[in-house]
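*Asks:* Take a look at the letters that make up each chain.
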Amino acid sequence: MDDEVTVSDPSRYRESRRKRKSADIAQALGASPVDVAALRRMAISEGGLLTDEIRCRVWPRLLNVPLQVLDQEPETVERENNKDYNQVLLDVQRSLRRFPPGMPDEQREGLQEELIDIILRVLKRNSQLHYYQGYHDIVVTFLLVLGERLATALVEKLSTHHLRDFMDPTMDNTKHILNYLMPIIERVNPEVHDFMQQAEVGTVFALSWLITWFGHVLSDFRHVVRLYDFFLACHPLMPIYFAAVIVLYREEEVLECECDMAMVHHMLSQIPQDLPYETLISRAGDLFVQFPPSELAKEAASHDSMATSTFKDFDLASTQQRPDSVLRRRRRQRQAALESAAASSVVTVARPSAARRFVRLAVMGLTVALGAAALAVVNSALEWAPKLDLFP
Amino acid sequence: MGSDDSYNFVFKVVLIGESGVGKSNLLSRFTKNEFNHDSRTTIGVEFSTRTVQLDNYTIKAQIWDTAGLERYRAITSAYYRGAVGALLVYDISKHLTYESAERWLKELYDHADPHIVVMLVGNKRDLDTLRTVPMEEAKDFAEKKGLMYMETSALDSTNVEAAFNEVLTAIHTKVASREVTRGSISAVTLSNPIGPTSEAQEGRGGCCKSA
Numbered sequence: 293m294d295d296e297v298t299v300s301d302p303s304r305y306r307e308s309r310r311k312r313k314s315a316d317i318a319q320a321l322g323a324s325p326v327d328v329a330a331l332r333r334m335a336i337s338e339g340g341l342l343t344d345e346i347r348c349r350v351w352p353r354l355l356n357v358p359l360q361v362l363d364q365e366p367e368t369v370e371r372e373n374n375k376d377y378n379q380v381l382l383d384v385q386r387s388l389r390r391f392p393p394g395m396p397d398e399q400r401e402g403l404q405e406e407l408i409d410i411i412l413r414v415l416k417r418n419s420q421l422h423y424y425q426g427y428h429d430i431v432v433t434f435l436l437v438l439g440e441r442l443a444t445a446l447v448e449k450l451s452t453h454h455l456r457d458f459m460d461p462t463m464d465n466t467k468h469i470l471n472y473l474m475p476i477i478e479r480v481n482p483e484v485h486d487f488m489q490q491a492e493v494g495t496v497f498a499l500s501w502l503i504t505w506f507g508h509v510l511s512d513f514r515h516v517v518r519l520y521d522f523f524l525a526c527h528p529l530m531p532i533y534f535a536a537v538i539v540l541y542r543e544e545e546v547l548e549c550e551c552d553m554a555m556v557h558h559m560l561s562q563i564p565q566d567l568p569y570e571t572l573i574s575r576a577g578d579l580f581v582q583f584p585p586s587e588l589a590k591e592a593a594s595h596d597s598m599a600t601s602t603f604k605d606f607d608l609a610s611t612q613q614r615p616d617s618v619l620r621r622r623r624r625q626r627q628a629a630l631e632s633a634a635a636s637s638v639v640t641v642a643r644p645s646a647a648r649r650f651v652r653l654a655v656m657g658l659t660v661a662l663g664a665a666a667l668a669v670v671n672s673a674l675e676w677a678p679k680l681d682l683f684p
Numbered sequence: 094m095g096s097d098d099s100y101n102f103v104f105k106v107v108l109i110g111e112s113g114v115g116k117s118n119l120l121s122r123f124t125k126n127e128f129n130h131d132s133r134t135t136i137g138v139e140f141s142t143r144t145v146q147l148d149n150y151t152i153k154a155q156i157w158d159t160a161g162l163e164r165y166r167a168i169t170s171a172y173y174r175g176a177v178g179a180l181l182v183y184d185i186s187k188h189l190t191y192e193s194a195e196r197w198l199k200e201l202y203d204h205a206d207p208h209i210v211v212m213l214v215g216n217k218r219d220l221d222t223l224r225t226v227p228m229e230e231a232k233d234f235a236e237k238k239g240l241m242y243m244e245t246s247a248l249d250s251t252n253v254e255a256a257f258n259e260v261l262t263a264i265h266t267k268v269a270s271r272e273v274t275r276g277s278i279s280a281v282t283l284s285n286p287i288g289p290t291s292e293a294q295e296g297r298g299g300c301c302k303s304a
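Residue numbers (the working numbering), protein chains in the order written: chain Y, 293 to 684; chain L, 94 to 304.
To be clear, the hints were calculated from the coordinates, so they are not data collected in a lab.
Mixed in with the good hints there might be a few duds.
Computed beta-carbon distance windows for the label pairs [to be verified]: (1) L:Arg174 - Y:Arg310: 49 to 55 angstroms; (2) Y:Gln420 - L:Pro207: 20 to 26 angstroms; (3) L:Ser99 - Y:Asp464: 38 to 44 angstroms.
Below are the DSS-like pairs computed for lysine-lysine, each with C-alpha atoms no more than 30 angstroms apart in a straight line [to be verified]: (4) L:Lys187 - Y:Lys375; (5) L:Lys153 - Y:Lys375; (6) Y:Lys467 - L:Lys238.
Ideal placement from N, C-alpha and C gives every residue a C-beta, glycine not left out.
Could you put the whole structure together from the sequences, leaning on the hints where they help?
*Replies:* Okay, structure coming up:
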């Protein structure tokens with residue numbers, strides 16, 4: 293799309309940028325302590341983490357999972373009398389399409405066994421978590437990139453943080469997160485919002501996008517992992533911003549659709565496979581900066597469609613790990629300062645100029661990283677605070 | 094989809110039942126004559142349509158496929174609204190999926206039109222050697238509950254066409270005997286003619302465009 297940079301030889305230019313980024317990532321990984329903030333920026337910025345090899349080294353850093361887990365023998369899980377086994381088996385057996393085409397059956401079957409083990413292991417160790425269909429779509433992505441041991445550790449961390457709300461006994465919190473979709477759309481394009489409201493389409497078309505981080509609906513694995521780079525580096529609500537950006541990107545199709553619940557639902561749930569991912573990622577980040585969850589939650593609370601007004605961003609974090617209130621307050625002050633700074637440089641969302649996007653991406657990297665820090669994906673918010681001062 | 098063809102009625106039909114009984118494949122067999130051994134887990138709801146001729150009417154069947162897992166019911170049950178037909182599917186080789194039929198029925202009646210046409214469908218008939226649900230038992234249950242009944246195989250196509258057509262015909266019969274006219278459009282429901290009706294609607298309707 294409009295990401296292309298016009299130079300005499302674009303492919304050579306891209307290649308040199310890739311090399312530079314790859315070197316930057318290596319440098320951030322080699323720093324002592326590891327420069328997680330820089331890694332986050334790399335994961336978000338154009339091209340993401342480039343290769344699965346790099347992802348193996350960076351994803352654990354983004355979730356603060358120590359690499360020592362590689363030395364641990366994964367514990368075996370009893371399958372008999374396991375309350376989740378039958379359902380997990382049913383879903384894993386039906387996930388053939390998530391494996392690379394051309395992979396020998398034997399190898400795929402081995403991975404499917406590992407997939408079942410990882411899921412059952414995480415569920416067993418965390419009795420507060422409940423399996424949902426689509427969870428296997430997330431886990432298979434980690435398994436294919438990282439292998440069983442690292443995947444287990446990262447999925448466990450993710451399940452108690454980013455995915456925690458989806459794993460409640462009921463779908464209430466999931467529905468609540470879906471409720472963020474329409475307010476985001478409304479801010480950017482009231483016409484699309486009003487049309488969707490009139491059609492009474494609801495938000496269920498985006499359910500599988502949200503709870504599988506798009507793994508269930510995108511057929512090209514490269515696109516899936518690119519999005520995972522982005523989401524792993526961001527606030528847990530980022531997938532709903534990305535969902536909004538997809539709807540907004542399809543503005544014309546939406547408005548041309550028959551204004552009927554079924555028709556609009558059907559059209560929106562068929563996700564185009566050739567989306568301009570880099571452009572959309574950058575827009576999602578922009579929207580997050582412009583309309584942070586806290587602002588939407590406030591607005592949504594006064595709205596009838598919101599079932600409860602008790603939702604707070606912090607509820608997304610695990611109950612065990614929370615930054616203390618002082619750090620939280622400090623974060624809010626920083627975020628408020630950043631947002632006001634961002635607001636002056638962000639005028640329109642739909643058609644940003646290249647120069648403006650550059651500025652905004654820099655701001656976004658910072659703000660998004662702040663969002664993640666607040667959710668204590670790293671062990672403590674303290675670890676984050678000094679690093680943030682290093683940003684330009 | 095299907096916006097270029099013309100039809101007399103749209104019938105909304107829902108596919109319900111436990112996870113893995115073959116709802117999505119019944120649907121793809123009926124609407125596309127396809128069977129997929131690697132049919133993805135259905136997350137949320139989706140629908141397909143097929144247009145059929147009944148008497149001199151063109152009927153557009155809009156068939157909604159739903160996720161079977163319990164936790165999704167809070168989301169999917171909202172989509173029962175406006176349905177005039179339902180196929181309650183179980184797997185003849187898995188008795189547990191049959192045992193939950195009663196629960197599904199309650200769920201359906203709680204959220205859908207009480208006059209909805211319901212068929213109990215024993216799918217995977219091709220797995221007869223692994224059968225755990227005797228046909229007589231299911232038939233008796235269906236009779237007791239006032240449901241239609243059929244055994245199908247989405248895999249080898251047995252009775253798939255027949256099952257959907259019987260349901261659509263039954264809906265059509267009900268609709269034909271209860272037709273009401275209101276204003277300039279003729280709309281039909283299975284229940285009493287009060288309140289807004291969009292369940293089985295004549296012609297094409299749009300709320301914003303060309304209405």
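*Asks:* All hints, please: hold or fail.
*Replies:* Structure-based check of all given hints:
1. L:Arg174 - Y:Arg310: 49 to 55 angstroms: 51 angstroms, holds
2. Y:Gln420 - L:Pro207: 20 to 26 angstroms: 39 angstroms, violated
3. L:Ser99 - Y:Asp464: 38 to 44 angstroms: Holds - the Cβ-Cβ distance for L:Ser99 and Y:Asp464, about 42 angstroms, lies within 38 to 44 angstroms.
4. L:Lys187 - Y:Lys375: Within the cut-off at roughly 17 angstroms; holds.
5. L:Lys153 - Y:Lys375: Roughly 41 angstroms separates the two Cα atoms, so the pair is violated.
6. Y:Lys467 - L:Lys238: It is violated: about 33 angstroms lies between the C-alpha atoms, which goes past 30 angstroms.
Taken one by one, the earlier hints fail for this structure at numbers 2, 5, 6, listed in ascending order.
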